[in-house]
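First to last, the protein sequences are chains G and Y. Take the first sequence: its position 71, counting from 1, is numbered 80 in the numbering used here, and each next residue is one higher. Take the second sequence: its position 36, counting from 1, is numbered 50 in the numbering used here, and each next residue is one higher.
Don't take every hint at face value.
Said to hold, decoys possible - Per the computed footprint, the stretches of chain G lying under chain Y, defined by three or more beta-carbons under 8 Å from a beta-carbon of chain Y, are:
{"#": "1", "segment": "12–22"}
{"#": "2", "segment": "104–114"}
Said to hold, decoys possible - Calculated lysine-lysine pairs in the DSS-like style (CA-CA distance at most 30 Å, straight line):
{"#": "3", "chain 1": "Y", "residue 1": "K98", "chain 2": "G", "residue 2": "K105"}
{"#": "4", "chain 1": "G", "residue 1": "K51", "chain 2": "G", "residue 2": "K101"}
{"#": "5", "chain 1": "Y", "residue 1": "K98", "chain 2": "G", "residue 2": "K101"}
{"#": "6", "chain 1": "Y", "residue 1": "K98", "chain 2": "G", "residue 2": "K51"}
{"#": "7", "chain 1": "G", "residue 1": "K76", "chain 2": "Y", "residue 2": "K96"}
{"#": "8", "chain 1": "G", "residue 1": "K51", "chain 2": "G", "residue 2": "K105"}
{"#": "9", "chain 1": "Y", "residue 1": "K98", "chain 2": "G", "residue 2": "K76"}
{"#": "10", "chain 1": "G", "residue 1": "K105", "chain 2": "Y", "residue 2": "K96"}
{"#": "11", "chain 1": "G", "residue 1": "K105", "chain 2": "G", "residue 2": "K76"}
Hints in this document: simulated from the structure, not taken from any laboratory. Note that CB positions come from ideal geometry on N, CA and C, so glycine has one too.
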Amino acid sequence: MTLLINILTAILMFSGVFFFLAGSIALIRFPDVYTRLHATTKLDTLGLGLILAGLIVYDGFSLASVKLLFVIFFMFLTSPTAAHAIARAAYKSGVKLWGENPIDRYGESQNDNS
Amino acid sequence: MNLFIAVLLGISFTTFLCLYRLFTGPTVFDRIVAASAITTKTIVVVAVLAFLYNQDIYLDISITYAILSFLAVLGVAAYIVKQKETK
């Protein structure tokens, strides 16, 4: 039983590290603020959830597990909010979208209303 | 445990990759994205250190750090938008 728990913990934590690594490579390689935000927000949130889930499996049912669950829930709630705030601030400061003819639905909707 | 030390080493390596974007980001928003990615990794590092040292108090530090990083990102984004609008 202990061996099974250790193996499950190792699988969860190393997959979390893999997602962290993919997010960091995306942060270096992608061409634009918006694409970098798109990649790192999701991959970092998933990596955090997987590694803390590994810690929960390792610890069993205790107060520390409840605290870790709270951290996971809070990050799943706040990480998209922070990403949306950064993207909105970048768009309002005039950061151009990457590509020859970028599709800009937000700017089109702003022009239609005014 | 050796597993926790290996995971900490892996997270440290990815943190150095994020530091590259933090130093060479073309716009200020690239730096904000990199800083927010580094704070996410720091939350995980503190939570793993709590189990490595058997100190449950580190988990409270992890929760506090999550709340503070969220507020910091929101504050910087609102500050930049307001600065543009007043110009």
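Comparing the hints with the structure gives:
Here's how the segment 12–22 of chain G fares: 4 of its residues keep a CB closer than 8 Å to some CB of chain Y, so the rule of at least three is met and the hint holds. With a cut-off of 8 Å between beta carbons, the segment 104–114 of chain G has 1 residues touching chain Y; three or more are needed, and the interface restraint is violated. Of the supplied pair hints, the one linking Y/K98 and G/K105 holds, its CA atoms being roughly 16 Å apart against a limit of 30 Å. For the suggested pair G/K51 and G/K101, the alpha carbons sit about 23 Å apart, so the restraint of at most 30 Å is met.
Among the hinted pairs, Y/K98 with G/K101 is consistent with the structure: their alpha-carbon atoms are about 8 Å apart, no more than 30 Å. The suggested pairing of Y/K98 with G/K51 holds, with an alpha-carbon distance near 28 Å, which does not exceed 30 Å. As the CA atoms of G/K76 and Y/K96 are separated by approximately 36 Å, the hinted pair breaks the 30 Å bound. Taking the CA atoms of G/K51 and G/K105, the gap is about 22 Å. The hint holds against a cut of 30 Å.
Between Y/K98 and G/K76 the CA atoms are separated by roughly 39 Å; this puts the pair beyond 30 Å, and the hint is violated. Between the alpha carbons of G/K105 and Y/K96 the distance comes to roughly 19 Å, so the proposed pair stays at or under 30 Å and holds. Taking the CA atoms of G/K105 and G/K76, the gap is about 41 Å. The hint is violated against a cut of 30 Å.
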